[in-house]
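Please take these sequences and the hints and turn them into a complete structure.
Chains as they are written, first to last, in my numbering: chain A, 1 to 328; chain B, 1 to 311.
FYI, nobody ran anything at the bench for these hints, they're computed from the structure.
Not one of these hints is a red herring.
Covered stretches of chain A, going by a simulated chain B footprint (3 or more residues, C-beta under 8 Å):
1. 117-131
2. 259-265
3. 296-309
According to the in silico footprint, chain A covers these stretches of chain B (three or more CB under 8 Å from chain A):
4. 105-115
5. 121-127
6. 243-256
Calculated Cβ distances over 10 Å to all of chain A for the following chain B residues:
7. Gln6
8. Ser14
9. Ala95
10. Val209
Ideal placement from N, C-alpha and C gives every residue a C-beta, glycine not left out.
Listed here are the chains, written in short residue letters.
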Amino acid sequence: MGAARVAMPFIPARLVRRHGWTIGVYVLLLASLVFTVAIHPTYGAFDVQSLALGALPLALAAAAQTVVVLSGGIDLAVGPMMAVANVLAARAMLHVSFRDALIIAVLVLVLGCAAGAFNGCLVVFSRVPDIVVTLAMSFVWGGVALLILEKPGGGAPLDFQNLASGTSISPWVPNALILMVLVVAAVWVPLRSSRPGLALYAVGSERTAAHASGVNVALARVLAYTLSGAFSAAGGLALTMTTGIGSPLSGTLYTLSSVATIVLGGVSLAGGKGGMLGPMAAAFILTLIPADLIFLGIDPNYGQVIQGTVIVLVVMVGGLAALRRKTA
Amino acid sequence: MRRYLQDHPILVLSLLLLVLVGALEAIRPGAVTPNWIRTTVLFAAPLGILAAGQTLVMLTGGIDLSVANVATAAAYVMASNARHGDAQAVLAGLAVGVAVGLVNGLGIAVFQAQPLIMTLGMALVVTGALEVYSLFAVTSVPSVPAFIHTLGAGNVGIIPVSLVLWVPLALIIILGLRRTGFGRLLYAIGDNAAACRLAGVRVWQVRLVNYTLCGLLSAVAGLVLAGTINTADVGLANGFLLPSVAAVVIGGTSIFGGSGNYSGTIIGALILTVLSSLLTLLDAPEPIKQILYGGIILLLATAYTRVLSDT
Chain A
1 MGAARVAMPF IPARLVRRHG WTIGVYVLLL ASLVFTVAIH PTYGAFDVQS LALGALPLAL
61 AAAAQTVVVL SGGIDLAVGP MMAVANVLAA RAMLHVSFRD ALIIAVLVLV LGCAAGAFNG
121 CLVVFSRVPD IVVTLAMSFV WGGVALLILE KPGGGAPLDF QNLASGTSIS PWVPNALILM
181 VLVVAAVWVP LRSSRPGLAL YAVGSERTAA HASGVNVALA RVLAYTLSGA FSAAGGLALT
241 MTTGIGSPLS GTLYTLSSVA TIVLGGVSLA GGKGGMLGPM AAAFILTLIP ADLIFLGIDP
301 NYGQVIQGTV IVLVVMVGGL AALRRKTA
Chain B
1 MRRYLQDHPI LVLSLLLLVL VGALEAIRPG AVTPNWIRTT VLFAAPLGIL AAGQTLVMLT
61 GGIDLSVANV ATAAAYVMAS NARHGDAQAV LAGLAVGVAV GLVNGLGIAV FQAQPLIMTL
121 GMALVVTGAL EVYSLFAVTS VPSVPAFIHT LGAGNVGIIP VSLVLWVPLA LIIILGLRRT
181 GFGRLLYAIG DNAAACRLAG VRVWQVRLVN YTLCGLLSAV AGLVLAGTIN TADVGLANGF
241 LLPSVAAVVI GGTSIFGGSG NYSGTIIGAL ILTVLSSLLT LLDAPEPIKQ ILYGGIILLL
301 ATAYTRVLSD T
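Below, the structure written as structure tokens:
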């Protein structure tokens, strides 16, 4: 509190205190973009488009994880569910018209909700910790994806794929970014200030107190996992759009990346704290790192090490900040 | 009856193990031979040692998602140093585990980072570092020292050599958890870390040592695994993360910390290994096996939570 009061006369201290981390992430994103342009002066509109395309699936995976973690849980099945949506869409959309592809996309989203609800019911009614349930379900959904499509294949109509690529409004606003904002906002903005949304936060913050205040904890948790399924399905559809095919193992890296992204974005793994804005920026930052490495001429194999180190450093800094806040 | 079972969950687990073995025998009569038992224990040993570290960590309410990557890295480092001599190679491999464990412990104990994300980040670092290492540091084909191969796959009579390592290790861990101050502190911290701190316990030191031990055990598991299959490549222990967590949970340790023991984890590891061979025998396509594996783990965990707990 003392630090916020010092030398910041025009910025309300409360704003900084409550949204400090989110603001920090966007500053970091800006810094990363500046850095990228500095090392690669020809970074132009096309590169921004590729960045947005690359970040789209991760951002949707992060959205899925955010909802669940905010409610106090975790969903380790995000990746495999993305893969299921990806292969399902790719198989169904092969050689169909654009209109049919859209219908299939909607169906896939509905199935994603159903899968998420299934996960949620398992978590709630088995009373087994969510880490274990979603870890086991990640195996199950991974197997389902392999059942639908053994090897990478399938396809989607070009019009569908082009929904995410290119630009429509201005060369600097990629379609992928518009799609990301629309999909996430369409669900999150009405939810956040509604009763179910507050219930999510309440359950994540202090489950017993939420229960005592009359919140239907089971329903809130199932809702969280249902939304996670929906966002994961959207992420899988994004993969179909960006890669043009379906691959049963496409989601493997996204589970853990989604957790890393939301932590970078300021969502507390303990639940109840954070929002959607931070993780979206964090998705861009994490997607930018491999691109920066290529521009710097660093061996891309170092990419994982650097990403991991970034995550570790961020987490340690975050932990330190939380410690100082406690003792201050 | 239920009360007795609740107090001695290991009986239920052992019963479950016998049921699974029985199912195996029923599906393929004649499958359960002493040789099969030997092979099962052989393949359960690396998982059991890996799950030992996971048990220690989960007792304090944490988790270690880097165990599989540490195991792989330790095995790879050992194998690529094999030409410098057996002892040096083994020490190098173990050093990897200790180093990663220390960093995990530092982040979690000192910086109070969430174990999930800290170990996740370290898993990425280890995997990436291993990729880089494999490109630059290896001049000859990495080979597994003969000593390790004997450790992983050899026999003393009918007893696998890896048991000669695992059994004393298990005894040390089980007795250590029950009889030493450190062991008791693990349970105490898992139960109520704040109370421990108020009681004067240096929680951060205990956690630091704990995660270092976990890293060390993961390295040992990696070395044993490399010995069992006589190779060490960058994907060695990839599929071992879920089973390590599952073995601990099925074995009765609470993921929130404060209760559980290693003997349950051992049975859990055996159950999972028998389950794998059961599924292999079913001759079903790979995806179906994967679905069944996940589903059965879930069923086991649910049954355990529902039947044996009071809540």
